[in-house]
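Q: Chains L and C supply the protein sequences, listed in that same order. If you count by this note's numbering, then the first sequence holds residues 1 to 453, one letter each, in order. If you count by this note's numbering, then the second sequence holds residues 1 to 453, one letter each, in order.
Some hints could be false.
Here are the simulated lysine-lysine pairs, PhoX-like style, with alpha carbons at most 25 Å apart [said to hold, decoys possible]: (1) Lys205(L) - Lys224(L); (2) Lys173(L) - Lys64(C); (3) Lys71(C) - Lys117(C); (4) Lys224(L) - Lys261(L); (5) Lys374(L) - Lys376(C); (6) Lys186(C) - Lys90(C); (7) Lys374(L) - Lys64(C); (8) Lys186(C) - Lys64(L).
Simulated from the structure, these hints should not be mistaken for laboratory data.
Protein chains: 2
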Amino acid sequence: MTEKLLIIGGVAGGTSAASRARRINPDLEITIFEKGEFVSYGACDEPYFLAGEIDSWERLLVRKPQQFKEKQNIDIRLNCEVTSINPGEKCITVLSRESGVSEVHKYDRLIIATGAKPRPCELPGAQAANLFALKFLEQARNIDEYIRAHKPHRAITVGAGFISMEMAEAFTKRGIKNTVLHRSSKPGGNTEPEIAEWLVDELQKQGVEYVPHCRPLSFELDEKGLIRAVITDKGKFECDMVLWATGVVPEVELAAAAGIKLGPTGAIATDERMETSVPGIFAAGDCCEVTHLISGRKIFTPLGDIANKQGWAAGENAAGGDARYNGAVGSMHFRCFDMEIGMTGLTEAQAREFGYDVLYGSIDHASRAHAQPKRKPVRIKLVADRNTRRLLGAQIAGREGAALRINTLAVALQAGMTIEEISGLDLAYAPPFSPVMDPILLAARVLSKDSQS
Amino acid sequence: MTEKLLIIGGVAGGTSAASRARRINPDLEITIFEKGEFVSYGACDEPYFLAGEIDSWERLLVRKPQQFKEKQNIDIRLNCEVTSINPGEKCITVLSRESGVSEVHKYDRLIIATGAKPRPCELPGAQAANLFALKFLEQARNIDEYIRAHKPHRAITVGAGFISMEMAEAFTKRGIKNTVLHRSSKPGGNTEPEIAEWLVDELQKQGVEYVPHCRPLSFELDEKGLIRAVITDKGKFECDMVLWATGVVPEVELAAAAGIKLGPTGAIATDERMETSVPGIFAAGDCCEVTHLISGRKIFTPLGDIANKQGWAAGENAAGGDARYNGAVGSMHFRCFDMEIGMTGLTEAQAREFGYDVLYGSIDHASRAHAQPKRKPVRIKLVADRNTRRLLGAQIAGREGAALRINTLAVALQAGMTIEEISGLDLAYAPPFSPVMDPILLAARVLSKDSQS
């Protein structure tokens, strides 16, 4: 009898798992249940769609259900919400949102790829029609439609992570004045102070108001029930719409109810084969936690590329293969207007928290050689372990190339290189791409010398 | 008594050595003798000056003699040609090109940074005023002046290395129809066939004529003694000027005459401290050979960034410190029109030559995520050792990011990573900078899987 693989969730982890499983086992019966209307879309592209850089939301659809069926014989059931998992009976209950009917489906292997959802806003007035979150394609379309229909002048974003920074650019490009309210000091997620400082300058230069250490308390609604101001501990901020961007939380209710173990981060715990505490049930994507390869700790780091890799491993293993996903070092980058920021590994503060004797330093250099008129500034901060000399983390900011340069340091970090080994690396040089002394080599040299004196 | 450090040559290696020596020893008497009119200039920027991208040749001057004197107390003697080194007496003879007078200068330490010079053209007619080479700033200025004064319509470049490719762009941007004649098949130096193929397409698309397997035999001169055609084994090519770009040779006559040992490449042999066979005499830059860290062989690879690193080590050691320069892996990149090409390590052919059981493969992917309208193609070729699985070499071509991406692979190569380790790397992802599966990870995955079947 044909073995059945069921997958819950069809965005990044789920579709990647399905494709890999099909590669490994051509005979498997593979079905994806997706509670939303879309599968396999570029969620990370949503801010660029909202900025107008991507001209229609349909372009975000990487593959359509029909393509999965025709090319890979993968069945996709849209608008189908899985309401329970029964590991004892090896079956799941699926509610069709269209018919309202529930069905039970048996499985041999199951992959949970339920993703994450925006952290909900719990302030009074949160049901207002002009309060938005941004994670799902439906949400991106809602924001776009609202902007088209209501032509808002002022948007307030609560939260200052990657999505907030990308949306600062998007709002501005759509002609909407944007204010970012952040409960902490630094924008851009886990940015180092040396990097965050520059990002705050850029926001201000681009006309975005950035308000740190600000906590929203309530919303002021107009007669139609729309938010017209956000009341905070730093005063009242008037607006025509609000983007609630305070991060995401993993979708784990289904897994938890089935007795699948959650990890210390609250996300689903898996081994390196992406198998959960219940044999035969795998998990992948934003609903899972990840091992940080430098600190050894479990982290919750919902990112598209990680979901993709985890899906690959979960799919291979669920189909009878043997693949591993061992973890991440926190490599990420984003763009905010003309600025690129990249990071990998631990920040100085995190490294201290993990007990390292920290060696750190930052340098300002340039993206191109001395004579090149398009030369732009680049800033690099390196964090190392004073005892072993090993690189623990790095961040780069700049106007060109910073995002790609971080990968060079991400590899050095994962290879366990010391600051001295990094300073001696043979990197490519040509005037349009680097100064004669590459900024990465300069940063390592300066840090190496500093620590000798 | 103050110790004296003399340096022969003041472009990349020489000035880098002087600056580093001054840092290490504030009391040293440091003098640079430069036979030309300029020191410390961006020779690699010359094609961009000739393209009009850099608006004046003065911008290529990084630091002027006066700045060296005022800021670092380094003496620079321009138009001073060192005609002999006497290691027994620890002195050099210097001919002033201005006064015609020779002087003898004593040294405690000597650094030879005589660089390289264009391989001379030995065909009859090579003395013609419209035959040019491009290495020194004076030569770049000559070409610029000739173009301004004579408005040539057609230029022939003999040779197809980096300079030739950069000048193909420069000539085209100056409105000059360019033909590149190459004795071998592939343009762009040590390019892999998969990469070279794309580069040839790009040249043709941009209106540059590329003639492989073509050997120039003689020049046809007009009544003024100017070249009006290059006669080759593939016929006659008419032109208004010729760029002879068949590579450079190390300037070693002075060293050789002083009994300093040359290596197998014909360039000056040094140890990792950049000391030559004569104790107290160091060398740095294009006149030196380099250890290839993958093959272990000596190579001649005259590049600005290497000169800079060697100068640093030579300067530090000559001033009493202890620094090492252990070698290179052949990391380099260049731009030709809208195309970027990067390379590191061994090519497939070189790896075979060195006796490896070679595993290789190339993939075509993209520079950005699926929905991004500015997404451009990227091609990556990886070469690995089938037995150890270690990466031996990589090349990347593309329209954006290829040049910077090569450094990610250069580090993996230098860290001794296997294809499987590379395929599992945590690299940063965001839609404007990479597809969700980074092209580097995809290339490694595909190669890893191929080799299993």
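Q: Now, for every hint given, state plainly whether the structure supports it.
A: Against the structure, the hints:
1. For a cut-off of 25 Å, the pair hint linking Lys205(L) to Lys224(L) is broken: about 35 Å separates their Cα positions.
2. Distance check on the hinted pair: Lys173(L) and Lys64(C) sit about 44 Å apart at the alpha-carbon level, beyond 25 Å; violated.
3. Note on Lys71(C) and Lys117(C): the hinted pairing is violated, with a Cα-Cα distance of about 30 Å set against a maximum of 25 Å.
4. Taken as a hint, the Lys224(L) and Lys261(L) pair is broken in the structure, with Cα atoms around 45 Å apart against an allowance of 25 Å.
5. At most 25 Å may separate the alpha-carbon atoms for a hinted pair to count; Lys374(L) and Lys376(C) meet this at roughly 21 Å.
6. Restraint check for Lys186(C) and Lys90(C): not satisfied, since their Cα atoms lie roughly 47 Å apart, outside the 25 Å limit.
7. About 22 Å separates the Cα atoms of Lys374(L) and Lys64(C), which keeps this hinted pair within 25 Å; it holds.
8. Distance check on the hinted pair: Lys186(C) and Lys64(L) sit about 42 Å apart at the alpha-carbon level, beyond 25 Å; violated.
The structure fails to meet hints 1, 2, 3, 4, 6 and 8 from the earlier list, while all remaining hints are met.
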